[in-house]
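Just so you know, the sequences run in chain order A and B. Mapping the first sequence onto the working numbering, position 91 (from 1) lands on 1320, and the numbers just tick up by one. Mapping the second sequence onto the working numbering, position 203 (from 1) lands on 232, and the numbers just tick up by one.
Read the hints as simulated data drawn from the structure, not as lab findings. Virtual Cβ for every residue (Gly too), placed ideally from N, Cα, C. Treat the hints with caution; some may be incorrect.
As the list claims (entries may be wrong) - Okay, derived cross-link-like pairs now, DSSO-like style, lysine-lysine, Cα gap no bigger than 30 Å in a straight line:
1) B:Lys115 - A:Lys1359
2) B:Lys38 - B:Lys111
3) B:Lys83 - B:Lys111
4) A:Lys1237 - B:Lys115
5) B:Lys38 - B:Lys83
6) B:Lys115 - B:Lys185
Claimed, not checked - Distance windows between CB atoms, simulated:
7) A:Ala1326 - B:Ile320: 28 to 38 Å
8) B:Pro120 - A:Ser1279: 50 to 60 Å
9) B:Ile37 - A:Gly1327: 54 to 64 Å
10) B:Pro120 - A:Ala1252: 30 to 40 Å
11) B:Leu106 - A:Thr1344: 56 to 66 Å
12) B:Thr223 - A:Val1383: 51 to 61 Å
13) A:Ser1343 - B:Val48: 22 to 32 Å
14) B:Ala155 - A:Lys1367: 47 to 57 Å
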Amino acid sequence: MLELIAVKGIYILMVFAAAAAFASSLLPNLFHGALALAAVLLAVAGLYLSLGAEFLAMVQILVYVGAVMTLVIYAVMLTGRLEETVTPSGRIQRAAAGVSCAIFFVLVCGVLLSTNWPAAPGGNPLPSVKDLGIDLMKRHVFPFEVLGILLFAVLIGALAAARREKS
Amino acid sequence: METLFIQIKTLLVNAAALVLPPWGVTLSSMIISALAILGLGPLIMMYLTLMERKVLARMQNRIGPNRAGPWGLLQPLADGIKMLTKEDIRPSAADPLLYFLAPILIAVPALMVFAVIPFGKGMTAADLNVGVLYFVALSSTTTLVIFMASWGSRNKYSVLGGMRSVSQMISYEVTLVISVVPILMAAGSLSTQTIVESQSGRWYAATPWGLLSCMIFFICGLAECNRSPFDLPEAESEIVAGYHTEYSGMRFALFYMAEFMNVFSICALTVTLFLGGWQGPLLPSWLWFLIKTYLLIFIVFWFRGTLPRLRADHLMGLAWKFLLPLAVMNIPAAAMSHFLSEPFSTAVPLAILMVSVAVLSFFNKGYAAEKRVYHFTD
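Chain A with its partners taken away, still in its complex shape (with noise of 0.2 Å):
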């Protein structure tokens, strides 16, 4: 029972976080629209709790939810488009993301149809943080090094380009 109610209970989520997709995308409010694709980013982290994968769950809600969203609000704050409720966005300007989305969409189904889906064998696949944690320092260790290196070079440059110059 409990089990089944789990089961029905992604398919809520997942017309939820598209439903939340579609809002974040139609709003004519830039705010309610950031807010809405915060929504899709919770959905999401849901689907990830619903699989098991507990970690990720918490890592999407802290960087995506608490991080990088915020920064997208305080970038929507900063437009000085506050007052306005309706951002107008130009016809041309629909018709290309309209255009870009389809061929994102049709990407991504090939991709996904193309995917042999391979089913872990034995009962519980699921990687713990701690091996999460030794494959990132082992067998990943070199993608994880020069991902430290990019994001160290970042910090520096926004260091440098915040930097007021000495008058």
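Use these hints to put chain B onto chain A, whose structure you have.
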């Protein structure tokens, strides 16, 4: 006494098992834990308000609330009734949905983090194996809700408070997360229950790196829940009440509730991570946990009674120029203590940390804020 609450729950679940099918029993076990937490949150908040008023009053040589009930014990109830019966005001220009949703949504993460706090031996409502991460992730969503409230009420003081709150929370959250890393390394787990159990021999706060980590975590936690001396987002002498300027009645009470519940959960998590959690001699585990937590909460109120509010640039300077580098240096120090044997495992981290504190203080010493020019609005 030790297993009082667990026995009560077992009793209730067994009673449910008489009438319900197996899945119903599982469900009712979850619901009982959830209801306990849902009831606990508001109860804690109500009496924290009274405690804060009493403690502050004593520090200011007053008596504090003493009219409603003995020692003012019914004061929170009276306040609650007053809040509920106040007129519900909504600014005509406010964004209806966001203005309505924000006070509800802000209480959700504040209540949800209670799920991973180990209130006693075997008394964690949901012992997730990513417990600490769950706490950090949920409390980071509060920023968004504060933004909703501040933007939704269409008031310039609200927006100012919201902006301040967000910049403050982003800055301190980074340091907060990094300051927990040494503990996670030492315990080898993200589960709050395991972290408490790994402190059976020695509290983490009794090691040099643990003590530093504890202080950084506590300071950043105070900043995260906008408590004094980090209460710039709701500085009443500058921007009325910050992001909840336009809220009154029960909506305001929900913001207030979230703030007090956050204070409780930050103190509870500090106890869990650094001060041995529910471990202690003689008394039952949950009592030890509450004693330690309320001691920390007393310190929070003490701060409010003692320290003046920080200035915005000092606030940022403290986070980025002092606490963050110190928290980063704390990670190698903790690693050293893990790999060295006894006399060195304390001495080497202590030396590293003392040198880094000295270096950081030296580089921060010359820092004087530039003179600011204030403009009147025209």
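**Report entry** Hints that the structure is at odds with (numbers, increasing)
**Finding:** When the structure is compared with the hints, numbers 1, 2, 4, 5, 7, 8, 10, 12, 13, 14 turn out to be violated.
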